[in-house]
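J.: Chains as they are written, first to last, in my numbering: chain U, 1 to 223; chain R, 1 to 291.
Since the hints were made in silico from the structure, they are not lab data.
Some hints could be false.
Going by beta-carbon spacing under 8 Å, a handful of chain U positions derived as facing chain R [stated by the list, open to error]:
| # | residue |
| --- | --- |
| 1 | A151 |
| 2 | L155 |
| 3 | P158 |
| 4 | G161 |
Here are the simulated lysine to any residue pairs, SDA-like style, with alpha carbons at most 25 Å apart [as the list claims (entries may be wrong)]:
| # | chain 1 | residue 1 | chain 2 | residue 2 |
| --- | --- | --- | --- | --- |
| 5 | U | K204 | R | S84 |
| 6 | R | K265 | R | E199 |
| 7 | R | K28 | R | A284 |
| 8 | R | K200 | U | F196 |
| 9 | U | K195 | R | M135 |
| 10 | U | K173 | R | E163 |
| 11 | U | K166 | R | E166 |
| 12 | U | K7 | R | D121 |
All C-beta atoms in this analysis are idealised placements derived from N, C-alpha and C, irrespective of residue type, glycine included.
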Amino acid sequence: MLFTQNKPTEEVLESLGAESKIFLLACNGCAEVCETGGEKALSTIKAELEKAGKNLTGTALVDFLCNKVLVAARLAREMDKIEQAESILVLSCGVGVQAVAKVVDKVVHPAANTVSLGGLQGLWPADERCQACGDCALDYTGGICPITFCAKSLLNGPCGGAQDGKCEVDSEKDCGWQLIYERLEKIGRLENLKKFHKARDHSKMLPSRDLRETSFYDIETKT
Amino acid sequence: MKLTERFKEGKFVITCEVGPPKGIEVEKIIDELEPLRSKIDAFNVTDLQSSVLRLGSLATCRLLKEKDFEPICQLTCRDRNRLSLQSDILSAAVLGIENLLCLTGDHPQLGDHPEAMPVFDLDSVQLLSAAKGLMNGKDMAGNDLEGQPPQFALGATVNPGAEPLEPQIIKMEKKIDAGAEFFQTQAVYEVDKFANFCEKVEHLKVPVMAGIVFLKSPGMARFMNANVAGVYVPDSIIDELTSAGKEKRVEKSLEISARLIRELKDLCQGIHIMALGWERHVAAVLEMAGL
Numbered sequence: 001m002l003f004t005q006n007k008p009t010e011e012v013l014e015s016l017g018a019e020s021k022i023f024l025l026a027c028n029g030c031a032e033v034c035e036t037g038g039e040k041a042l043s044t045i046k047a048e049l050e051k052a053g054k055n056l057t058g059t060a061l062v063d064f065l066c067n068k069v070l071v072a073a074r075l076a077r078e079m080d081k082i083e084q085a086e087s088i089l090v091l092s093c094g095v096g097v098q099a100v101a102k103v104v105d106k107v108v109h110p111a112a113n114t115v116s117l118g119g120l121q122g123l124w125p126a127d128e129r130c131q132a133c134g135d136c137a138l139d140y141t142g143g144i145c146p147i148t149f150c151a152k153s154l155l156n157g158p159c160g161g162a163q164d165g166k167c168e169v170d171s172e173k174d175c176g177w178q179l180i181y182e183r184l185e186k187i188g189r190l191e192n193l194k195k196f197h198k199a200r201d202h203s204k205m206l207p208s209r210d211l212r213e214t215s216f217y218d219i220e221t222k223t
Numbered sequence: 001m002k003l004t005e006r007f008k009e010g011k012f013v014i015t016c017e018v019g020p021p022k023g024i025e026v027e028k029i030i031d032e033l034e035p036l037r038s039k040i041d042a043f044n045v046t047d048l049q050s051s052v053l054r055l056g057s058l059a060t061c062r063l064l065k066e067k068d069f070e071p072i073c074q075l076t077c078r079d080r081n082r083l084s085l086q087s088d089i090l091s092a093a094v095l096g097i098e099n100l101l102c103l104t105g106d107h108p109q110l111g112d113h114p115e116a117m118p119v120f121d122l123d124s125v126q127l128l129s130a131a132k133g134l135m136n137g138k139d140m141a142g143n144d145l146e147g148q149p150p151q152f153a154l155g156a157t158v159n160p161g162a163e164p165l166e167p168q169i170i171k172m173e174k175k176i177d178a179g180a181e182f183f184q185t186q187a188v189y190e191v192d193k194f195a196n197f198c199e200k201v202e203h204l205k206v207p208v209m210a211g212i213v214f215l216k217s218p219g220m221a222r223f224m225n226a227n228v229a230g231v232y233v234p235d236s237i238i239d240e241l242t243s244a245g246k247e248k249r250v251e252k253s254l255e256i257s258a259r260l261i262r263e264l265k266d267l268c269q270g271i272h273i274m275a276l277g278w279e280r281h282v283a284a285v286l287e288m289a290g291l
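Given the sequences, and given the hints that come with them, work out the whole structure.
T.: Below, the structure is given as structure tokens:
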């Protein structure tokens with residue numbers, strides 16, 4: 001069970017910026033329980049976006065957004081609506097956002113922060129990783145996580161140690177920032193690299209008191 | 001003296017790297033610097049270079065200061081969190097250090113303690129921003145410092161040979177916005193490529209110092225080509241070193257470095273020499289280069 005919390009609406013709108021045509025995609029797994037995904041969150045966020053003057057090209061609900069095969073198969077049916085959109089707002093944990101980025105060449109925006117990886121995830125058979133940093137930055141990095149893909153978890157760009165696109169730590173491993181650069185170039189968002197990221201707030205990695213007091217948190221984490 | 005003052009004077013600035021010893025015997029490095037006193041504007045003291053345990057940068061910088069050499073304290077994000085880094089920046093000011101070079105740092109896995117926890121609580125851009133904040137009297141949490149804030153010339157690094165180059169330049173711009181006032185580069189052997197880089201960053205109006213690493217042997221050159229990011233020693237230089245033969249190799253190596261300096265001199269505002277144990281040859285190379 002992955003615990004997620006909604007990003008504030010202002011933060012989501014800020015990250016959508018001038019984009020007006022949005023496809024809304026929600027996870028119906030762990031995020032449904034956290035109310036960051038599922039029908040309920042989908043309709044709440046849909047209303048908020050419409051209120052902010054956004055035009056939704058379509059919406060979809062997928063049981064486990066962390067499962068790339070499932071996501072690819074499900075989104076194939078929505079491709080025309082996704083094509084019309086400038087970006088996809090993803091209502092899921094960081095793993096789900098990365099899965100979507102991997103199967104669709106579109107800008108992805110996370111609508112939630114992942115705060116805990118407590119317990120088992122829905123299904124997660126591939127190479128994405130989420131450290132539940134509590135301050136999802138996938139928005140600016142083309143859906144590739146700098147916390148997990150960069151050996152130094154750098155937020156402001158590559159360290160300069162990569163050789164031929166490989167990490168200085170392991171020549172078999174891709175440099176995370178090289179992947180991010182290529183991805184941003186592909187989706188036409190290289191200007192994202194210019195954003196200055198402040199130092200991480202590590203206290204966001206701790207689940208909030210509200211979350212700790214929920215019954216599902218109890219069930220998953222206490223014996 | 002702050003290095004930025006030297007640039008303002010319009011001087012072609014020369015810095016040289018000093019690697020603290022693995023131990024506490026510091027006499028040797030001090031002795032090697034003595035002949036360079038009148039030729040070098042400031043000495044970069046490395047911070048556990050290549051993630052290998054050594055004497056610290058802060059203490060070595062203070063020693064240099066006591067001997068009337070101008071130190072540049074290198075500070076990496078590898079081993080300390082933001083509390084410790086900010087505290088060391090304040091300590092540097094108290095110890096009379098006026099130049100800080102802020103780096104991300106190599107990963108611990110590259111060094112002699114690969115089991116160590118990589119910290120990287122901050123990255124180089126955030127470290128520059130933290131240092132600048134302290135210079136403005138505020139810590140990273142927004143709290144006021146008591147009394148006079150510290151003052152430094154803040155430096156940073158850039159790799160002009162990186163491919164792709166664009167993310168390096170974007171990061172360089174972020175470093176300038178965060179507070180960097182001068183740049184030192186990774187080793188340069190391809191003058192054309194460096195000229196292209198200088199052209200691309202000219203609008204940033206910030207002094208750039210080209211990195212010079214002495215090539216001790218053809219083997220070292222080949223090793224760098226295979227293992228050092230963004231550094232390429234052209235075959236012509238490797239051939240030149242090889243054909244000089246063992247007896248004349250040192251002479252040839254110094255000649256190559258002096259030639260590079262002459263060719264790079266008009267493209268940038270200074271050079272940064274990383275002698276890697278050949279400090280005794282630095283004076284001769286500078287002389288051959290006409291500096």
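J.: Which hints, by number, does the structure contradict?
T.: none
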